[in-house]
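Protein sequence lines, in the order shown, are assigned to chains B and G.
Heads up: the first sequence begins at 1 in the numbering used here, then just goes up one per residue.
Heads up: the second sequence begins at 1 in the numbering used here, then just goes up one per residue.
It should be emphasised that the hints constitute simulated quantities derived from the structure, not laboratory data.
You can take every hint at face value.
A pair holds if it fits inside one copy or across any two, identical chains being indistinguishable in the list.
Once the Cα atoms are required to be at most 30 Å apart in a straight line, the calculated DSSO-like pairs of lysine-lysine come out as:
| no. | residue 1 | residue 2 |
| --- | --- | --- |
| 1 | K246 | K107 |
| 2 | K185 | K107 |
| 3 | K260 | K35 |
| 4 | K163 | K260 |
| 5 | K185 | K173 |
| 6 | K79 | K35 |
None of these values were measured; they are calculated from a predicted model.
2 protein chains.
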Amino acid sequence: MNGGEGPNSYTHNSKQQRKGSYRAKVLLSNSIQEKLTVENKLNTANQQVFRIADLGCSVGPNTFASVQTIIEATELTFKTQILEYKPPEFHVFFNDHVGNDFNTLFKTLPFDRQYFAAGVPGSFHARLFPNSSLPFIHSSYALHWLSRVPIEVMDESSPAWNKGRIHYTNAPKQVGEAYATRFAKDVEFFLSARAQELVAGGLLALFLPAVPDVLSNSDTVIGTELDLLGSCLMDMAKEGLVSEAKVDSFNLPLYYTSHKELKELIGRNEHFTIERMENLNNDPKKHVILPKPSMRA
Amino acid sequence: MNGGEGPNSYTHNSKQQRKGSYRAKVLLSNSIQEKLTVENKLNTANQQVFRIADLGCSVGPNTFASVQTIIEATELTFKTQILEYKPPEFHVFFNDHVGNDFNTLFKTLPFDRQYFAAGVPGSFHARLFPNSSLPFIHSSYALHWLSRVPIEVMDESSPAWNKGRIHYTNAPKQVGEAYATRFAKDVEFFLSARAQELVAGGLLALFLPAVPDVLSNSDTVIGTELDLLGSCLMDMAKEGLVSEAKVDSFNLPLYYTSHKELKELIGRNEHFTIERMENLNNDPKKHVILPKPSMRA
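Kindly produce the complete structure, drawing on both the sequences and the hints.
Right under this line is the structure:
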């Protein structure tokens, strides 16, 4: 991801993600108002500090928009439920990989923010915060990034070797399975860490791009685009512009889960229950632009 | 301050500060073991998270050395005092101005650290953390940086106008007074913010370069060096290399307090008591290299 604030920076090239976050705003706000109840002990009068973590925050305007939504919805919920309401102080932790451009993130923090801000470097596939320290964790468009490329797809001797492609779209089923296994492990690590960091009854709001249950990855825009990109690199290899071995060794650490698969993975973790699960875009047709890979030519 | 890890970076040019922090280590460790008692309620068994803030942390090896000292001394103290000792989890907040190179700070965090780390951008002359959220705050070689240059010293119509100098050494007394007034206000803002952030009975460890009570700033190494630097800039102005107005408008926002003055300033704040106050270097002669400004030539 490109740091800074230049023309090629992520800050100025994250409109697609912003589009998603606008649609997510209503769902996020409604869910907080519905689930942040007196019963789950998150909004007692003693709660002077309300800590929020945004995992995989990246950098740019989208980062701050989600946090603002969470704070506004939380305040609204508390106000409605508590008679002698005294607003808590919000402490927001922006997390991303060590390589994220935190310098730019910090420089672009909203000047009029109503919260204390901190940056937290590190992988969200491991622990990032002390035990029982957060009542609310948010992660948007981040968990589809795998912790690493599955090793099998780079192993020539494996049936999952992903020769001539950079992703699992239209690849042998073993490649897709290797990606799915890696994703399952990553979700396990992610949830296991969050279960320790969240206070009892805490909320985890998770947004991630996914493939509708009715479609395979090769029928989706992103799947087809990645296949096309891989195909271009192979064409470049054939023309001698890059080595074929280099293309073979390059694989994108991205996985697009489905509603059904994610439900099952979360179900495996004994510490979480799914309180609400929705598609932001319910029209599967919107995912499709190229119905057949043969149209690529 | 230069970021990054290059030859001119602060990371590779902070040996003087490191020297100070070696001497400070023993004092810091001893003070924690002496003051972090069961009575001040900072080490009860319920205290699962022990939050530490390092204000004006900068970047480089010195930053992490102090934090390590604090954690080791805290653990040792808790172990000694609590029968069924269960180590707390440490959450360390590294604070400095927004312009600090947090990217480098994060990249150089000790790999084997036994604490959760976060970066906090912003001025320590204002609030940075939620109310009653920290049992320990540390700040080393930072508070002598003023929040800004006193406005009077840049005002041609003021008796405190600092013409032909870049600091208050050997300046009219009004210049020194303007600096002292700014420092007093800064210390007031600093302590007022910390009083809110510290939990009741919390500890603030403050290290800062100072002038011995028996000496004036013009008798010290740093005072004389800054005077010499100002004099060089004026020589350059006379040779037409820089404009004199530019030199006149440039003043270093640094103030060297004394033991006596600092004691008085802390005494003004009703929320703090001085538990221990020591000079790291008790030999005033070590501060002197040039006894008279006339030796500059």
